[in-house]
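Chemist: As a plain string of letters, each chain reads:
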Amino acid sequence: MPTAPTVVLNARALERTVARMADEVVERADGTENLVLVGIQRRGVQLAERLGRMIAQHEGATVPRGALDITLYRDDLQTVGPRPIVGKTVIPGAIDGRTVCIVDDVLYTGRTIRAALDELADFGRPARIMLAVLVDRGGRELPIHADVVGRSVDVPPGGRVDVLVSELDGRDEVTMVIAGEET
Amino acid sequence: MTEHRDVLLKGGRLLDPSSQLDGVGDLLVRDGKVEAFGGSIAAPDGALVIDCKGQVVSPGFIDVHCHLREPGREDVETILTGARAAAAGGFTAVCAMPNTDPVTDNQAAVGFVLKQGRAAEAARVYPIGAISIGQKGERLAEFGEMVHAGAVAVSDDGKPVVSAQLMRTALEYARTFGIPVADHCEEPTLAAGGAMHEGFVSARLGLKGIPAEAEEIMAIRDILLARLTGGHVHLCHMSTKGSVELIRWGKERGISVTAEACPHHLSLTHEMVEGYNTNAKMNPPLRTAADVEAVQQAVKDGTIDVIATDHAPHHNDEKQREFSDAPNGIVGLETALPVNVTWLVKSGIVSLSTLIERMSCAPARLFNLPGGSLRRGSAADITVFDPDQAWTVDPSAFLSKGRNTPYGGRILHGRVGCTLVDGRIVYQRMG
Amino acid sequence: MSAPLGKDLLGLEHLSTEQISLILDTAEPLREISERAIKKVPTLRGATVVNLFFEASTRTRISFEFAEKRLSADTVNVATAASSVTKGETLVDTAKNLEAMKIDMVVIRHASSGAAQFLAERIESNVINAGDGTHEHPTQGLLDLLTLRRKFGTLAGKRVCIVGDVLHSRVARSNIWGLTKLGAEVAVCGPRSLLPNAIADFGVQVFDHIEDAIQWADALNVLRLQLERMTAGYIPSQREYNRVFGVSRERLDRAPRDLVIMHPGPINRGVELDSDVADGPHSVILDQVTNGVAVRMAVLYLLAGHAPALAEAAKGGDR
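Residue numbers (the numbering used here), protein chains in the order written: chain A, 878 to 1060; chain B, 43 to 473; chain C, 772 to 1090.
Looking at chain A on its own, in the form it has when it is part of the complex (with noise of 0.2 Å):
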């Protein structure tokens, strides 16, 4: 029996959970002079955007920011059927030996960041890489763990979290799905 989504965050929740995550990313990389904020195709650049905005508000410094999508680095590509689309990556001017910060909407596996680990090494050498994500859901896969976490949540296998953002979707909202079959 598919459960009814639940809500975990919703649009103003979203958005204090964001200007939180920018003062930690901040604090973490200890300032923002050699930051680099790299979103995830696709939301996770969206999110790069929000905190890069929210930073200059309460910096008063421009974070450069770039995407990442990292399908061609994805270690299931053989296994996998069907092809995803490939989208942009964009990285704004060398990262050698700053710091970069990895931005994604959702933690699960940790596949997907270590594909973004991979692909980023083929940029350069940055000083060093953190990792903000809006939701970490559990389940790692692999040794993967976020510097800067939105929220937390106990998704087991089979259930999945979906994180909606206005320049896509409409609005802003996070919603949770225990378990049950999707239809």
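Check the hints yourself; a few may be wrong.
As a list, the in silico DSS-like pairs of lysine-lysine whose alpha-carbon atoms are at most 25 Å apart [claimed, not checked]:
(1) C:Lys840 x A:Lys965
(2) C:Lys810 x A:Lys965
(3) B:Lys388 x B:Lys95
(4) A:Lys965 x C:Lys811
(5) C:Lys873 x C:Lys840
(6) C:Lys810 x C:Lys840
(7) C:Lys867 x B:Lys361
(8) B:Lys293 x B:Lys342
(9) A:Lys965 x C:Lys922
Output of the computed footprint for chain C on chain B, the stretches with three or more beta carbons under 8 Å from beta carbons of chain C [as the list claims (entries may be wrong)]:
(10) 234-243
(11) 354-367
Hints were generated in silico from the structure; no laboratory data involved.
None of the values given here were measured: they were computed from a predicted structure.
Yeah, the Cβ is synthetic: ideal placement off N, Cα and C, and Gly gets one too.
Since the structure of chain A is already known, use the hints to place chains B and C on it.
Modeler: Chains B and C in isolation, oriented as in the chain A frame:
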């Protein structure tokens, strides 16, 4: 050969355009001849009685154009397998084209084909001699010697007679022997390198086309040479609307021109080549729907005298290759009747009687061959077939060694039940 | 959207507008990989691609090879001189041998129209047509489309004239299908002896005079004039061809607008195209080369693994 035994064909529809015969009745064969027909005939002692109820009993089909590949390419067909395939297709006689290796261009070669044909004890095999020595298009072969040995016509088929002068001489010289000169009409410079009909399909597939005009230019040349010489020109495998118009033009003027068309040109169009289907590759190529329709009408009105198969077996390996490198030709002996019945008779274009005229009576008449009639005293070359039976073409079941057919898997109408040559059963379908 | 491309890429004639757009949309982000310091992504790691070239072609082979290598595929080049074809092996046997070696993809260039399809029907691996006879050259068509789309934003309503030997050109056929499907108006211009007799059935306009084509068009795709057309008697001489059909600065100066100039290469300078045009500001000939690698990467990516359906779910990635 064994002694003749009386054969009584019981209760079939006796259909013989040569004697305007069309009615249900019995037919008795004795000593290789038609002994009696019509009404109910009591079976003589010891006669073999064949129940022909629901079947058509017609004079045996005669194919004036096939390639039996022996001598030279016994791996793809022999006179034995070809003659058996012919019998299975309802043919009681076939004319073997001389483009073998070596070419049938002398009396010894003609004698060889006849000898092998007799040994086959299937359909009769008549040799066609070459027009020119080695089919090189240079010097005339010995028509007289070949006719004396048993050749029934001359042709350089496979290639056109390029030289108009040589064609003129051949038509003149053939008059002494009363044989037709059969020409493969193809203007060689226009057709050079061509792999299919020139049109939108060839342009899309990127295959070099053979324009209809390559055939038509040679057709009208031959017709004009027949007018000039008074010789009998027989135009092989006519495939275009323009060609039938030119033949009609010639016939209206009393020129001694006869023509044949092939079942595939009466049924399929160049779209069949789509997907680079080498079993749709032949020369002349499959043409447009307008051409098919025109040739069908020409069969109906007699502009096309004869339907001939141009049976051309090839080894599977030869057809399994790049389209432009694959050889031309398809097998036809075992599909001719059903293709003709399906596309010409079932579709209402010609009557069964006209079909038999084009497949049996006319070929016998034009090439001076026995058969083509059920009259009393005629050679008992007879085909019994069911014009309505539907069946699926299975190339692997062919008696021919060739499997190269575009009709594989198709459901066609009309199936041969048995074939008699010289009063003997040479083919009888099991089941 | 289902069945992105199927098993093989044999031509553009049988692709839908959506399929062509998908390839171009995929090629766009892939262009960036060639700009990186490390020009390589691991996408096709472990996949084996054989570049089977029965006909000499430096450009197309190199472009495919770059595309394959930038996607981390293992590539093997088989050229005519080194292959068993010269020993009389048939394409059927070549196919069986490739199959036995468990390769993943074959890129085939062959002098016979239909050769790519022939191979595709006989092996499980993906087959990419890199030019078959005078039939199609789909990746060239796609890179031309990408180049024009990047230049114009959209191809809808744009006027593209293909100039030259359309009769023997696989590039022309792939262009005609692709451009038409993306909504461009297409014309051809050349001596009638080098145009298919049935050209009008393709739904294109025909110009007998290059001046008229230049007046009409937004872009010219100028085809290479093969030397053997002269020896085979299709046209009398290169000199006369240049005089009658050559794309020159002087002729272009009379155009009502700046024309985008394309050429699949290699150029016969001073024959079909004058140097000042080929190297001029409106020439996109080098963009075509750049886009060629991206388009071929897109095709390799989309075909790999047969891609029976494009999973919407796959887009979301990690959830």
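Chemist: Work down the list of hints and note, for each, if the structure agrees.
Modeler: Do the hints match the structure? See the list:
Proximity of Lys840 of chain C to Lys965 of chain A is assessed by CA-CA distance (about 20 Å); at most 25 Å being required, the pair is judged to hold. Note on Lys810 of chain C and Lys965 of chain A: the hinted pairing holds, with a Cα-Cα distance of about 15 Å set against a maximum of 25 Å. Taking the CA atoms of Lys388 of chain B and Lys95 of chain B, the gap is about 20 Å. The hint holds against a cut of 25 Å. Note on Lys965 of chain A and Lys811 of chain C: the hinted pairing holds, with a Cα-Cα distance of about 15 Å set against a maximum of 25 Å.
For a cut-off of 25 Å, the pair hint linking Lys873 of chain C to Lys840 of chain C stands: about 19 Å separates their Cα positions. Distance restraint check for Lys810 of chain C and Lys840 of chain C: the Cα-Cα separation of roughly 9 Å lies within the 25 Å cut-off, and the hinted pair is therefore satisfied. Between Lys867 of chain C and Lys361 of chain B the CA atoms are separated by roughly 17 Å; this keeps the pair inside 25 Å, and the hint holds. Distance hint between Lys293 of chain B and Lys342 of chain B is fulfilled; the C-alpha atoms sit about 15 Å from each other, no more than 25 Å.
Only pairs whose Cα atoms come within 25 Å are accepted, and Lys965 of chain A paired with Lys922 of chain C is accepted, the gap being roughly 19 Å. Counting residues of the segment 234-243 of chain B whose beta carbon lies closer than 8 Å to any beta carbon of chain C gives 3, which reaches the threshold of three, so the coverage claim holds. Using a Cβ-Cβ cut-off of 8 Å, 7 residues of the segment 354-367 of chain B lie near chain C, which meets the minimum of three, so the contact claim holds.
In summary, the structure agrees with every hint in the numbered list given earlier.
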